[in-house]
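Working from the sequences, and respecting the hints, build out all of it.
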Amino acid sequence: MNKLFDETYVVFDLETTGLDPKDGNSIIEIGAVRVKNNKIIDRFDELINPGIALSEEIIRITSITDGMLVGKPNEEEIVKKFIAWVGEDILVAHNAKFDLSFLKMAYFKYSLGAFNFNVIDTLGLSRYLDPQEKYHNLTVLMERYQIEWDENKHHRADYDSEGTSLILYEMLKKLNEKNITTLSELSHIPRILLNKRV
Numbered sequence: 001m002n003k004l005f006d007e008t009y010v011v012f013d014l015e016t017t018g019l020d021p022k023d024g025n026s027i028i029e030i031g032a033v034r035v036k037n038n039k040i041i042d043r044f045d046e047l048i049n050p051g052i053a054l055s056e057e058i059i060r061i062t063s064i065t066d067g068m069l070v071g072k073p074n075e076e077e078i079v080k081k082f083i084a085w086v087g088e089d090i091l092v093a094h095n096a097k098f099d100l101s102f103l104k105m106a107y108f109k110y111s112l113g114a115f116n117f118n119v120i121d122t123l124g125l126s127r128y129l130d131p132q133e134k135y136h137n138l139t140v141l142m143e144r145y146q147i148e149w150d151e152n153k154h155h156r157a158d159y160d161s162e163g164t165s166l167i168l169y170e171m172l173k174k175l176n177e178k179n180i181t182t183l184s185e186l187s188h189i190p191r192i193l194l195n196k197r198v
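In the numbering used here, the protein residues as written are 1 to 198.
Below are the DSSO-like pairs computed for lysine-lysine, each with C-alpha atoms no more than 27 Å apart in a straight line: (1) Lys174 - Lys3; (2) Lys153 - Lys72; (3) Lys174 - Lys39; (4) Lys22 - Lys81; (5) Lys97 - Lys196; (6) Lys104 - Lys72; (7) Lys97 - Lys3; (8) Lys36 - Lys153; (9) Lys104 - Lys196; (10) Lys173 - Lys97; (11) Lys153 - Lys81; (12) Lys178 - Lys39; (13) Lys36 - Lys174.
If you anchor each label on the Cβ, the simulated ranges turn out as follows: (14) Gly113 - Lys22: 17 to 25 Å; (15) Ala84 - Phe108: 17 to 25 Å; (16) Phe108 - Lys196: 15 to 23 Å; (17) Pro131 - Val70: 39 to 47 Å; (18) Phe108 - Ser184: 26 to 34 Å; (19) Val140 - Arg191: 16 to 24 Å; (20) Lys196 - Asp66: 37 to 45 Å; (21) Glu88 - Ser111: 15 to 23 Å; (22) Pro190 - Asn38: 24 to 32 Å; (23) Pro131 - Thr65: 34 to 42 Å; (24) Arg197 - Asp66: 33 to 41 Å; (25) Lys196 - Arg60: 32 to 40 Å.
I should point out that these hints are in silico values taken from the structure, not numbers from a laboratory.
Owing to the predicted nature of the structure, the values given are computational and were not obtained by experimental measurement.
We put the CB at the ideal spot given by N, CA and C, even for glycine.
Set out below in structure tokens:
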């Protein structure tokens, strides 16, 4: 019995105003899919008004414009809404260290308490499963696992989270071949289960 296949996961992605929340950057989009048994059972997608103009680079990368953010809620409101939506499920992200840095900064800024979620990093998982491979970005993984992928939609949070969810289940199959079938067993492998709660 493989308990990892029985879990419910929230695969999420953030778009932000910049690379480092310590430099005053913040979240401008949270996209997520809730998946169980490799099926999407719910979705979350919210744009956030950061209160500042976006740089040309961020607009180019994300295709999110200042006009799209006019009248949207602020970061505090959407982060609270997202955390309530996640509930007790396991969070999953690709290069989760980046996304966690922004979520944890939001927890600090808005006094939301302790960030208490199990978080699986599919980047770390890919490096563990295929250490011989040099590249592990989303575009490369889509090709490696033969998953249909539209590069023009890449770097929008909802699309990237859905793609990451498809990669996750391909990775769970490979973990099963290694007889890794529980979150506890996964937690013993470095750089995969971040912010452990098991």
